Amino acid sequence: MPRHLRFLSLVLPVLCAGVPAAQAALKVLATTPDWGSLVTELGGDKVNVYTATSPFQDVHRVDAKPSLVARARSADLVVATGADLEIGWMPVLLQDSGNSRIQPGAPGYFEAAPLVPLLEVPSAVDRSMGDIHPLGNPHVTLDAHNIAIIAKALSARLALVDPANAAYYAARGEDFQKRWQQATLKWEAEAAPLRGLPVVVIHRDQAYLCHWLAIRELASIEPKPGVPPSAGYLAELVTKLTATPPKMILRNAYNDPRAAEWLAERIHVPVVLLPYTVGGTPEAKDLFGLFDDTLKRLLAANQ
Amino acid sequence: MRNLTPVAGALLLVCWGWPDTGQAAPDDVTALRTELEALKADYSARVQALEARIRELESNVAARNAPAAAASAASLTAPAAAPAAPYAAAPARSSNLTAFNPAVSVILTGNYASLTQDPATYRIAGFIPPPTGEGPGDRSFNLDESELTFTSNVDPYFFANLTAAIQGDNSIDIEEAYFKTLALGHGLTLKGGRFFSATGYLNEIHSHNWDFADQPLVYQAFFGGAQLGQDGAQLRWLAPSEYFLELGAEAGSGRTFPGTQRNANSLASDALFAHLGGDIGDSTSWRTGVSWLRARSTARAYQDVDQFGTPVTNAFTGTSRTWVVDGTLKWAPHGDPTYHQFKLQGEWMHRTEDGQLSFDLTGRNLVGGYGSSQSGWYMQAIYEFIQRWRAGVRYDSMSSGTPGIGLVGSGALPLTAFPTLASASPERTTLMIDWSLSEFSRFRAQYALDDARASARDRQFLLQYILAIGAHGAHKF
Numbered sequence: 001m002p003r004h005l006r007f008l009s010l011v012l013p014v015l016c017a018g019v020p021a022a023q024a025a026l027k028v029l030a031t032t033p034d035w036g037s038l039v040t041e042l043g044g045d046k047v048n049v050y051t052a053t054s055p056f057q058d059v060h061r062v063d064a065k066p067s068l069v070a071r072a073r074s075a076d077l078v079v080a081t082g083a084d085l086e087i088g089w090m091p092v093l094l095q096d097s098g099n100s101r102i103q104p105g106a107p108g109y110f111e112a113a114p115l116v117p118l119l120e121v122p123s124a125v126d127r128s129m130g131d132i133h134p135l136g137n138p139h140v141t142l143d144a145h146n147i148a149i150i151a152k153a154l155s156a157r158l159a160l161v162d163p164a165n166a167a168y169y170a171a172r173g174e175d176f177q178k179r180w181q182q183a184t185l186k187w188e189a190e191a192a193p194l195r196g197l198p199v200v201v202i203h204r205d206q207a208y209l210c211h212w213l214a215i216r217e218l219a220s221i222e223p224k225p226g227v228p229p230s231a232g233y234l235a236e237l238v239t240k241l242t243a244t245p246p247k248m249i250l251r252n253a254y255n256d257p258r259a260a261e262w263l264a265e266r267i268h269v270p271v272v273l274l275p276y277t278v279g280g281t282p283e284a285k286d287l288f289g290l291f292d293d294t295l296k297r298l299l300a301a302n303q
Numbered sequence: 001m002r003n004l005t006p007v008a009g010a011l012l013l014v015c016w017g018w019p020d021t022g023q024a025a026p027d028d029v030t031a032l033r034t035e036l037e038a039l040k041a042d043y044s045a046r047v048q049a050l051e052a053r054i055r056e057l058e059s060n061v062a063a064r065n066a067p068a069a070a071a072s073a074a075s076l077t078a079p080a081a082a083p084a085a086p087y088a089a090a091p092a093r094s095s096n097l098t099a100f101n102p103a104v105s106v107i108l109t110g111n112y113a114s115l116t117q118d119p120a121t122y123r124i125a126g127f128i129p130p131p132t133g134e135g136p137g138d139r140s141f142n143l144d145e146s147e148l149t150f151t152s153n154v155d156p157y158f159f160a161n162l163t164a165a166i167q168g169d170n171s172i173d174i175e176e177a178y179f180k181t182l183a184l185g186h187g188l189t190l191k192g193g194r195f196f197s198a199t200g201y202l203n204e205i206h207s208h209n210w211d212f213a214d215q216p217l218v219y220q221a222f223f224g225g226a227q228l229g230q231d232g233a234q235l236r237w238l239a240p241s242e243y244f245l246e247l248g249a250e251a252g253s254g255r256t257f258p259g260t261q262r263n264a265n266s267l268a269s270d271a272l273f274a275h276l277g278g279d280i281g282d283s284t285s286w287r288t289g290v291s292w293l294r295a296r297s298t299a300r301a302y303q304d305v306d307q308f309g310t311p312v313t314n315a316f317t318g319t320s321r322t323w324v325v326d327g328t329l330k331w332a333p334h335g336d337p338t339y340h341q342f343k344l345q346g347e348w349m350h351r352t353e354d355g356q357l358s359f360d361l362t363g364r365n366l367v368g369g370y371g372s373s374q375s376g377w378y379m380q381a382i383y384e385f386i387q388r389w390r391a392g393v394r395y396d397s398m399s400s401g402t403p404g405i406g407l408v409g410s411g412a413l414p415l416t417a418f419p420t421l422a423s424a425s426p427e428r429t430t431l432m433i434d435w436s437l438s439e440f441s442r443f444r445a446q447y448a449l450d451d452a453r454a455s456a457r458d459r460q461f462l463l464q465y466i467l468a469i470g471a472h473g474a475h476k477f
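Protein chains in written order, with my numbering: chain A, 1 to 303; chain B, 1 to 477.
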């Protein structure tokens, strides 16, 4: 007779019964600092947010590590980017969580990217094109209009998973929309001088920022998404960019600075560090700070 | 059947959702039922109201968005630069017949091996060998397994996975074919079918995700080269805590080594495991675990020679109990493995076997008692020193102890009649370097000094490729 199995059959129910009911704040697992910040804006003290990645991590390259599985286990709501950005780890997390509330299709699973019009939707996909996203470019946060759309849907979702506080979320949502609209008008006015600004990017994760503010991406340092540049490709870039020089090279907090700095030295333009996500720079404390700081840095480099 | 009872009991409890008011009076039950009905009605009303509100919000968003987009396009006159790749609008949806096709991925692996010893003579000295799977494989160019995986959710309640490995010799192994529950809740997941046991750390990891081209010696000796597979059921429970604590149990038929397929209704392979994990700061994450496996085998045959050098077939019938302690630690600057990552991994196993050993099954067929207490461990470290390049080192050590062989104790046979079981301490040191052009292709060179044989050192040089096509693989820890 397997004594161990008998022991387990006695102990498991006891352990399960000991699961504390989640009466307190709504537990939200956000995949990026941006979504973490947005949930905090919209949920205030009714939510308890855990952010799965840091500003210095490439969100695509994360492992379904034990700490994340543990957080998924107890989450009432998962807020993800979607569009395959978290494809390597989110499916594992959801499957291993033993949490039926956050499975795709359930109210507790929220994806942001499918709510907004995606840029760079490829007409054909093939892995020879690099780390291409079949559904379109998933780095949607840096267009202020996208945040407004996503915030609306997220407010509604918070109310759906936590109906007891629906009125609270509605009020906070309205307040956020008001403040965000004012800020957006301010940013768009400030950004007027950036129209048509020629820049070089590293990965194609500034696409929405450039689209929003009509900044021109002359080239990207990665020859294909996710593929590091070869020496030959960099030499080609130098030739090409010496002929049509950009005003600056944009680098995100999580990018390796070396290729950008190497190129900057040769074509004599500055590298501008952008926060990319909340927490990417000390000034980008929340979503408002992220946009404020991004614009401040772009405008300063454009002087 | 006696063995099934506790498992069945646990499963029943799970399916019933822990009725904690099991002893309540009939009045209470009626009251509860009424309350539940009221709650249900209330919730469905709320959900309907919210759904209506979402629809309203969505239409508002669409309405507000159209002029906003037009306005921003008008105010920002210069058009965005045309992207480099041939992007276009979303393609029109084609046939819906394929919309629910499972995710398909294919892994191609192959190698070139240069070995100083004949791989046919490979044997981990001191241990009863598994039927297959020991050693580095054949010399020269080899097609390794080509792995085909199909995965999909079945419905809201189940996820299903089929992994079939087409071997270089044209045979097909069903490595895994299982379903997994999605809707049990309470942190519970039930898996059923054929799956890799959660015993140890490396056992659940498919070969193309290993950091070396072959398995640690202790896995080869204790689980038989192929991973420990279960045809059975597994229940896991994840604790509702901020750190990772997982408990699980498995029951299976004992199909793979150290068990054997038996003509019996009872379960022949039971496992229990506990995993604990978490993060240390931004950059480090870890997992550790303890597992226990008990497998029964009937006439588990192996080839040996007797004291005169004549080939004989011997067989073990009895019970193996294996303890595994594992630990894995990963470090990357800010947790981002793009440029640098360090991974330290080790496992220690201890196995006892009790039962009968038959000598020369087809000839003299002598039977006596058998008891062994054996252990082994490995430790490996991998470092990504520049983007796409990793180097690693692994050390394997085994200790066979001296098994108690009844036929030797009784004086029926000399110890030299069991040369494979002579006490030994096999070890191996392996160096590895690999290069991954993308997440989907990897090339590896590996060099090992293998002292698994008691007689001679094998210097093994391997070149390996691993290519992944199809659906994006999972980044398991």
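FYI, nobody ran anything at the bench for these hints, they're computed from the structure.
Take these hints with a grain of salt, some might be off.
Stated by the list, open to error - Restraint ranges, calculated between C-beta atoms of paired labels, are given here:
#	chain 1	residue 1	chain 2	residue 2	range
1	B	Ser423	A	Gly232	56 to 62 Å
2	B	Ser425	A	Gly232	40 to 46 Å
3	B	Trp435	A	Thr239	49 to 55 Å
4	A	Thr239	B	Gly110	37 to 43 Å
5	B	Ser436	A	Gly232	49 to 55 Å
6	B	Ile433	A	Thr239	31 to 37 Å
7	A	Pro104	B	Asp282	45 to 51 Å
8	B	Asp282	A	Gly196	36 to 42 Å
9	B	Ser441	A	Thr239	53 to 59 Å
10	B	Asp282	A	Ala231	54 to 60 Å
11	A	Tyr233	B	Lys476	45 to 51 Å
12	B	Met379	A	Lys240	46 to 52 Å
Note that the coordinates shown come from a computational prediction; the quantities given were computed from them, not determined experimentally.
The C-beta atom is built at its ideal place from N, Cα and C for all residues, glycine as well.
Problem set entry | Range hint 40 to 46 Å (beta carbons of serine 425(B) and glycine 232(A)) holds or violated | violated, 52 Å
For this session: Return holds or violated for the Cβ distance of isoleucine 433(B) and threonine 239(A) against the range 31 to 37 Å.
Result: Given about 34 Å between the Cβ atoms, the range holds.
For this session: Please test the hint of 49 to 55 Å on the beta carbon pair from serine 436(B) and glycine 232(A).
Result: Roughly 20 Å apart at Cβ, these two residues miss the hinted range, so it is violated.
For this session: Starting from the hint 46 to 52 Å, judge whether the C-beta atoms of methionine 379(B) and lysine 240(A) obey it.
Result: holds, 50 Å
Exercise. Holds or violated: 45 to 51 Å for the Cβ distance of tyrosine 233(A) and lysine 476(B)?
Worked result: Since the Cβ atoms of tyrosine 233(A) and lysine 476(B) sit about 33 Å apart, the hinted range of 45 to 51 Å is violated.
For this session: Could you check the hint for me, namely that aspartate 282(B) and glycine 196(A) are 36 to 42 Å apart, CB to CB?
Result: 39 Å Cβ-Cβ, so the 36 to 42 Å window holds.
For this session: Please test the hint of 49 to 55 Å on the beta carbon pair from tryptophan 435(B) and threonine 239(A).
Result: violated, 29 Å
Exercise. Range hint 45 to 51 Å: satisfied by the CB atoms of proline 104(A) and aspartate 282(B)?
Worked result: Distance hint for proline 104(A), aspartate 282(B) is violated at roughly 28 Å.
Exercise. Is the distance from the Cβ of serine 423(B) to the Cβ of glycine 232(A) consistent with 56 to 62 Å?
Worked result: holds, 59 Å
Problem set entry | alanine 231(A) and aspartate 282(B) - C-beta distance against the hinted 54 to 60 Å | For alanine 231(A) against aspartate 282(B), whose Cβ atoms are near 32 Å apart, the range 54 to 60 Å is violated.
Exercise. Between serine 441(B) and threonine 239(A), does the beta-carbon spacing fit 53 to 59 Å?
Worked result: violated, 29 Å
Problem set entry | Cβ separation of threonine 239(A) and glycine 110(B), checked against the hinted range 37 to 43 Å | Given a distance of about 40 Å, which is inside 37 to 43 Å, the answer is holds.
This entry does not satisfy hints 2, 3, 5, 7, 9, 10 and 11, going by the numbered hints stated previously.
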